[in-house]
Amino acid sequence: MASNSSSHTHEHHIVSTGTYLLTLGALVVLMGLTVAIAQVNLPAIGILSGTVVNQLVALLIATIKALLVICVFMGVKWGTTLTKLWVIAGFVTLPLLFGILGDYCTRKYEQQPGWEKIEDGALPRISYENPAKPPADSSELNVKIRQ
Amino acid sequence: MSSTVITTDGLLPKPQAEEVNYLNVEHTISSWLLTGDHKRIAILYLISTTFFFFLGSVAAGLIRYELTSPAGVALESDTYNKVFTAHGVIMVFGFLVVAIPAVFGNFVLPLCIGARDLAFPRLNLGSWYMYMTGGSIILAGMITGGVDTGWTFYTPYSSMYSNTQVSLVLVGIFIAGFSTITTGINFVVTIHKMRAPGMTWFRLPLFVWAMYATSLQMILATPVVAITLLLVVVERTFKLPIFSPELGGDPVLFQHLFWFYSHPAVYIMILPGFAVVSELIANFSRKRIFGYHFVAFSSLAIAGLGFLVWGHHMFVSSQSMYESIVFSLLSYLVAVPSAVKIFNWTATMYKGNVRLASPMIYALAFLMIFTIGGLTGLFLGSAGSDIHLTATYFVVAHFHYVMVGGVSLAYMGALHYWWPKMTGRMYAEGIAKANAILIFVGFNLTFFPQFIVGYLGMPRRYHYYYFAPEFQAYHIMSTLGSSVLGLGFILPAFYLTYSLFKGKKAPANPWGAHGLEWETSSPPPVTNFLETPIVMDEVYDFDPVSEHAENMKALEKAEQAENTSEGQH
Amino acid sequence: MSAITETSDHGHGHHPGLHHQYEDMAQQTESYIVGMWVFLTTEIMFFGALFFIYTLYRWNYQLDFYIAHEHLDWKLGAFNTTVLLFSSFTMVMAVQSAQLKKRIAVMNYLGVTVLCAITFLVVKYFEYSSKFADHLYPGVNFATDAKAAFGEHAFEAGKLAVNMNHAQLFYGLYFCMTGLHAIHIIVGIGIIIALIRLWFNKANSVIHDYVPTEMVGLYWHFVDLVWIFLFPLFYLMPKPH
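Keeping their order, the protein sequence lines are chains W, B and D.
Going by my numbering, 24 is the number at position 24 of the first sequence; the sequence numbering is gapless.
If you want my numbering, it's the 1-based position in the second sequence plus 1000.
If you want my numbering, it's the 1-based position in the third sequence plus 2000.
These are calculated hints, taken from the structure and not from any lab test.
There's no promise every hint is true.
[As the list claims (entries may be wrong)] Label pairs and their in silico Cβ distance ranges: (1) B:Gly1198 - W:Leu85: 16 to 26 Å; (2) B:Val1020 - D:Asn2201: 30 to 40 Å; (3) D:Asn2108 - W:Ile47: 47 to 57 Å.
From a predicted model like this one, the values you see are computed outputs, not experimental measurements.
The beta-carbon is built from N, C-alpha and C at its ideal position, and this holds for glycine as well.
Make a model of the complete structure from these sequences and hints.
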C-alpha cells in the first residue's frame, strides 16, 4: 500500500435507478405475498404442523426480503470481502444466543421428580400433587448444625 | 562611561530546542478535552480508570474490614450489600473491562502497527465521553443510595423488589457499554485497514492479535447485556413484564442473557492482559515467542469458545441438567487455549536472555497467579464440584486471582513497560521492582486464604459468619494481605508521578525491545512517526549474536577512547 | 528493526475529503463502510436478544400469544411496511444522488425519507392509542374488557380461553420491541435532518465524499430490516392448533 497521490475519485460502483426500482417492486410483491399466505392455513408437512409451516414460510419470505435489502440497497453485493465478512458475523453470532433454548427444551427430560414443566409457565415448579413432606424437626435434616 | 556588550556567539553551546511531541504540542484544556489524538485520549483514560480503581479499592477495603469479625464490624447487612455491589460494579465496568484496551490499546495499537492514528479519532473521543458519562451516572447512583442487588443484578429482585438506585446505575452501565462497543469498532477497523506497508498479519505483535480478539468479543457480546439491563430498567419503570415469574416469565432468562455477555466479558478483561504479557515476555527474554502462530490463534479461539460457556455460572440456577453437562464440557475446552499460552510463554523464556526488569516481574507474577486462577476455574467449571463451591469464597478467590492477579498485574506491567514511551521519563527501577514483589506477596496473602475458607464453606456476599467463627483466622490473614496489596497499588502513584518531574529523559527504546512503537521517539510526535515506516523484518526479530558483537565493539571503542584520553592527561 | 522511510504524500493531489490518518480514499471509504457494518452487527445482537426472548415465550405460550395478537391490525402493519420499504428506496436514491453529486436530488430524496418515517410514526401513534384505549398495557388494569380487546376468540364455551398473564407478556414484548424500533426511527429522523442541513449548507464533509450519506443510508436500511422481521412475527401469526 505505497502511497501514490491519486486524486481521481474512487471507482465506486454506482447502481442504476432501474435496479433499485426493481428491488423495491420485488420487496412490495414479497410483502403482499406474505400477507396473502398468512390468510391461508397451510397443510402440515411431515412432522411440521401447519402452524409451523406457515411460520417458516413467513420467515423465509422475510429472509428473502432482508437479503434483497442487504445486497442491493445496502450495496453489499458490490462491497469488499471484509464488508461481507462483517455482514455475516452478526448473523452467525445470533444463533449462538438461541443456544439458550437448549436449556428450556431439555428441562422436561430432567429425571428429578418435581421439575416437570407445568403447562402454565416457563418455570419448572414442584408438582403440588405430591408436595415434599416437610421435616417434623431438625433431627430429620441431613445437615449437622455447627455448635 | 561606555558599556561594552559581550557576545557569546560561538562560545556557548546552543540550547537544544525541545522537540515537539504529543504532550507539549498544545497545553490548553480544550486541546486535551477535544483532542482526536489517540495518545492523549489514552492519557485521559489513564486518569479516569485510576480514579475508578481507587474508588473500587475503597469499597474493597470496607469489605475486608467488615469481615475481620464473625459478627461483622461496622456495617448493616443492607449497607454491606451496597458496598460489595459498588465494589463489583465500579471495578468491573469502571476498571477491568476498560483499563488495558482503552489505555494501552489506544496508545500503543496505532504505534505498533505503524499507523498515524486510529481509524475513527473522533469516535474514540466520544468513547471516552461515554465512559465518563456512564461512570458518573454509576457514581451518582452509588452516592444517592447505592444498589444492593450485587453486580449481577439478578431478577426478580432487581426488576421488582429492590428499593435502591437500580435503574440509575443500570442506565450508567448501559452508556458505559457503548464506550466499549465503539472502542471495539475502532480497533477492528484499525487493525484490518491501517497496518503499515509490510506489516502482514503474521508480522503483527501478539499484542495486536489479542486486542483483535478482545474487540470481537466487545462488539458481539456487549449489546446483549445492554438490552438485558435496559429490559430490567423498563420492567422497573414501566412495569412491562419480561422476567416476571408470576406472569409466566422466567427470571432465569435474565441470568442466561446476562451471562451470555458476562462470560465473554471476563475474556474481554483477560485477553488484553494476555496481549501485554506476550509483549513483556518476548521482549524481556529477547526471544521470539515460542509458537507464535499457536499463541495468535489461541487468542481467537478464546474469543470464539468464550461465547459458548455462559451456563457454567448457572449450574445451580435451575438450569437443565443436560445443558449443565454441555457447558461443563465446553468450559474445559475453553481452558485449553489459555493453557497453550502459558506453556508457550514459559517455553519462550527457556534459553532466552531473561532480564528481570520491573515489567518482567509483573509478567512472571502474572504467569504464576493466572495459572492458579485458571486451574481453580476448572474446579468451578465441573458441574459436580461446583455444587459445593458455588456462591462460596472459592469463587471469589478464583475470580480475584484471574482479575486482580491477571488483569491488574498485566495493567501494572504494561504501565511500567510503556511509561517511558508515554511520558518520556524513566522511573526509579529499584523501587518499581520492590513494589512488584510487594504486590505479589500482598496479593497471595489476601486471596489464597479465601480459597481455603471458601472450600470450608464460607458463603460469599455475607458480612457475618457467626455460624463458623473458626473462619476468622483466614479472614484476618486476608485483610492483612489486602493492606499490603493496597500499599503495593498506591506506591506507583507516587514514584511514577515523581518520575514525571524528576525522572531521567527516556530514549526511544529504553528496554532494547522490538516493535514499531520503539522506533519513534519517547514521547512520540503527534503523528506517531515522522515518516511512514515500512516493515522489512519479522516480529520479535532479536539477534542476540550480532547485537552482542555490536555491544562488545561499542564497549571496546569506549574503553579505547578512555585510555587515549587518560594517556593524554 | 529496520524501517526504511518513505515520505507519505500530504501535499497537493490528495482528495479534499481525505482525513489525516488515511493514505487514500479507497482505504478511508472501506474503513468507514466496514466500521458502520461493525456497528450494525452490534445492533443485530441488540435486537436479536429481543427476538430471542420473543421466540422463547411464543414457543411456550402459542395459543395465548395468538389470541392476544388479534388486536393488532395487520392492515396497518402492512401499510407501515410498505411505507418503510419505500423510504428505504428513497434513501438509497439519495445515496446514489450523493455519488453523482446531485445536491438538490439528495435533499429531495432525504426529505421524502423523513416524511415516510413520520408517516410510520403517526400510524404507530394510532396503533398505540388503540391499545391504551382497550387497556392493553401491561399492569393492574390489563384488558379489563377482554371481549372488546381480543374479540370472540378470547372465549370458548363462555369461559376465558386466553391466559391474561401470558397476554401481558405478549404486550410487554410488543411495546418493548416496537418501542425500541420506534426510538431508532426517531433517532434516524434526527440524523437524516442533520444530514439534510449539512447538504443544504454545502458542508465539506458531505459535498466531497458520499460516504457519510451512505453511512446514514446503511443505518436507515437496518431500521427497515428490523421491521421486515417484526411485521410477520407480530402481525401475521398463524393460528396454532
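Could you say whether the range 16 to 26 Å given as a hint is met by the Cβ separation of Gly1198 of chain B and Leu85 of chain W?
Holds: the Cβ-Cβ distance is about 23 Å, inside 16 to 26 Å.
Has the hinted range 47 to 57 Å been met by the Cβ atoms of Asn2108 of chain D and Ile47 of chain W?
53 Å, holds
Does the Cβ distance between Val1020 of chain B and Asn2201 of chain D fall inside 30 to 40 Å?
Given a distance of about 35 Å, which is inside 30 to 40 Å, the answer is holds.
Figure legend: structure checked against the earlier numbered hints; every hint is met.
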